[in-house]
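So the sequences go chain by chain: A and B. The first sequence begins at 1 in the UniProt record's numbering and counts up by one. The second sequence begins at 1 in the UniProt record's numbering and counts up by one.
Among the hints, erroneous ones may be present.
[Claimed, not checked] Going by beta-carbon spacing under 10 Å, a handful of chain A positions derived as facing chain B:
1. 37
2. 260
3. 263
[To be verified] Reference listing, derived: stretches of chain B covered by chain A, where coverage requires no fewer than 3 residues with Cβ under 8 Å from a Cβ of chain A:
4. 66-80
5. 493-499
6. 532-541
7. 641-653
8. 784-794
In short, the hints are calculated from the structure, not lab data. A virtual CB, placed ideally from N, CA and C, is assigned to each residue, including glycine.
Residues per chain, in single letters:
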Amino acid sequence: MDFLRPASWEEALAAKAEHPTAVPIAGGTDVMVEINFDHRRPEYLLDLTRVGDLYEWEVGEDSVRLGASVPYTRIMENLRAELPGLALASHTVASPQIRNRGGVGGNLGTASPAGDAHPALLAAGAEVEAESVRGSRRIPIDAFYTGVKRNALAADELIRAVHINKADGPQQFSKVGTRNAMVIAVCAFGLALHPGTRTVRTGIGSAAPTPVRATVAEEFLGAALDEGGFWDSGRIIPPSVARQFAELCSAACNPIDDVRGTAGYRRHAVGVMARRTLMWTWESYRGTDRATEGAA
Amino acid sequence: MRTNGTPTQLTQGSRTRGGIGESTLRPDGTLKVTGEFAYSSDMWHEDMLWGQILRSPVAHAEIVSIDTSEALATPGVYAVLTYDDLPTEVKHYGLEIQDTPVLAHGKVRHHGEPVAVVAADHPETARRAAAKIRVEYRELPVITDEASATAPDAVLVHENRTDHHASHVSHPNIVHRQPIIRGDVEEARRRADVIVEGEYVFGMQDQAFLGPESGLAVPAEDGGVDLYVATQWLHADLRQIAPVLGLPEEKVRMTLSGVGGAFGGREDLSMQIHACLLALRTGKPVKIVYNRFESFFGHVHRHPAKLYYEHGATKDGKLTHLKARIVLDGGAYASSSPAVVGNAASLGAGPYVVDDVDIEAVALYTNNPPCGAMRGFGAVQACFAYEAQMDKLAAKLDMDPVEFRRLNAMSQGAVMPTGQVVDSPAPVAELLRRVKAMPLPPEQQWLTAGEDADVRQLPGGLSNTTHGEGVVRGIGYAVGIKNVGFSEGFDDYSTAKVRMEVVGGEPVATVHTAMAEVGQGGVTVHAQIARTELGVAQVTIRPADTQVGSAGSTSASRQTYVTGGAVKNACELVRERVLELGRRRFGTYHPAWATAELLLEGGKVVTDGGEVLADLVDVLGDEAVEVEEEWRHRPTEPFDLRTGQGFGHVQYSFAAHRAVVEVDTELGLVKVIELACAQDVGKALNPLSVVGQIQGGTTQGLGVAVMEEIVVDPRTAKVRNPSFTDYLIPTILDTPTIPVDVLELADDHAPYGLRGAGEAPTLSSTPAVLAAIRDATGLELNRTPVRPEHLTGT
């Protein structure tokens, strides 16, 4: 196994172009586990820890450009206002030690349905900035996950950053695990209200072969809120609407039975989380400060 | 030494500090917390090789062929051994029944069974070479439960059994069967006003110790081998290792190296023989360290169990009878299954007075992972069932569950279903009273001064699944009974060597035993005993090795009792000799040498009235006093194979818990808020250590209540979650406050009146949590661990 250590982004792109099978490693949360378990033995490891640019973020007018290696701890500490859903998700990643190392780039690179960041990225509506020696492109998050642990990256591409719109309304994230910390998601749910566009976006983790949105549920809720004039009145959402939203979120799942939980439980739990996060975000939206984070 | 020999200062003797009853600090504590403690996996030797084990990928198969040629040809590989390379006729080992092949012979019986071993100059080379060994398997049907094990055409897991249990079991796939029959259940049933029945399932728990199996074998010039290893009982290992190597025991010198937890999982051999075989074959030191994945296959687990219980009671709440059947899955090899059966059966009625009892416990041979010793040892599974039954009976009688238990609680003088009279304090009712009397934790602790909920206080924790929605509190109680020490007539002795001499102008005691310090704090206690008995400040604890006699196993809550007893006994013998020496030297100078009760305190010989007769430095002079002596607790006897009657246990230990839980009833997530415990320990030699044991045992019981389970595929008998990714153990956020109330009611049969403490809290913790979850949800919950699916019906 060769260990490639580019000193700059350009060198990293060149190395990836030369060795398309090279596995990028930054925090090592996923890659090192796979190597230690002997699940994969890559020919080349492409160490990105010397590329300082990847550890930086910029807060722009409308969006945040989040470097691929910005550790979850930094997101929790510094981007809570701008990216509340992702900050809540970051809280649930593994242990403090791992949150100090791991970043969103790793979650995206692995593209496991259980990655904690995915539901928040889907709900917020992110774009992945991918780059190769051939050039740079932005991949909408909806088109990024292409299969179980597969993504839309070309073999010579690396993830440089993620662009996420700054929250224009409350966002929430919930994750079910069978212990109260340091647990891989049995299933997870992200919800973002977008009052600017009067839309709602969702993200579901660990309940389908890829992270998915509950688009039918989003459309149903969007229409219900619009037609009832809820965005303007700030009235309480009727339980029947919340219930149907929850059911549609459950229906968006395509889960499996595995050692962590049953398919039936996953569907059920996604529905409960959908209903609860809707209540929390809507309560925040109704609040005077129009907070960007549900009460958490 | 002064020339005239007369003590010049007859001042008051100062009490020796750091003796028993004080919370002296453990010597390994700071090192472990700061990461400096050397564990067995940290050992290093110049020129050493790394051993790697090839394990079976299937649970039950004939081995058609093994081809090691490609592995052997790998550069850096020094040896590849299979069954055919074993040097002597002894090719099997086992704690009670020698049924476990050192390397698989013709057949594998469980997923992960060792098939071959490799030694190479780098661990990765060894791993890759092991992967190049070609083994052809012809798969056999798997035996996974009682029905498949005892079916008329069942494949026999072990053919041609000749062990001492083979003759009294009804099927060769049953390892051992122990009935306990007392009174007349049929007759007593007629007196019952209410009868409750239950069928309970206990999942497979793992010890999940943090330091994986590891050790270093160094070949010696005399043809022997020095083995440094983390284990629970050096001499039991030695007894099993030496014959396989074809060496006399004195040529296999074992030294305990740093142990990272045990909980029963190191009673059976793991890498010991393999490392020695490779070292002797290659002539080089060989180190073997399992990784976490391998560790899940490298030791036995707690027996999963199915338990069928029927209890009756009169309308005024008195138990009439108990009929129970306990089926333990022993997996592919016997390990300590027979003793686990004895415990489950003899303790199957719990700490209750019930005169008419019919209990049967069996352990099966299956193709599931081998199961054996784990903290609580058969008593844990039974406690889960009988405590659920107590709640059901109380509910049916419309009685308070604690009151119902207290009505039936045993006390000193009670007769066990084995006919054994409980001849020391058994404060069962008092323990229950105490946990019930403790103040309850405040409601809704997640509510904070601000508007936001503190999710850390809620089910789901930081995963942010509820801010109070769906959360219901529940409270549950449980109490348990555990035997202390090895039972059923086992010669359960320990050996201690104690030496006293003057070093650097100070009297110093040296304690040498073969006791495995696995984290329980035994070395701390030995130093305390030596200070108390010998009146010295300085005590040196020699490393545990096989150069001294056996200390028995660090299990069964027995080490403070038995090796502590041996150290106390050896100290007393040393003291007698020291006093003899004093009498010889100074007896003529003071009449008290001949007439008074003399003690050693504060480095001096004092009378029981406190008068100082001599400095120990002067008494000892240049002489060293040394004693090595075996010590035994009172003998026990086997249970009758037909009736289960017999004085089987040396001592009983009791703990009670009150669990307070909060359950998210919609998501099926549980937060244990508090687990209050009351336990009688006879005498707390080190109160801080005792509380640590109780809190640790309590947490291990919590683990198997809500998360810990090795999941075995019932179709293939393969383990599905052999890693800490999916075998979950409690984190600090899952661990509740654990208020502990320690009682000290002396057992007159035991040294200092102490009572083994390590296991009892592991028993009652689990059923208390389950009772609390039942209280919160109204669900029956006959299985542990409880999973979200069980709570949500999904």
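Now the hints, each set against the structure:
no. : hint    : verdict
1   : 37      : holds (6 Å)
2   : 260     : holds (6 Å)
3   : 263     : holds (9 Å)
4   : 66-80   : violated (count 0)
5   : 493-499 : violated (count 0)
6   : 532-541 : violated (count 0)
7   : 641-653 : violated (count 0)
8   : 784-794 : holds (count 5)
The structure shown violates the earlier hints numbered 4, 5, 6, 7.
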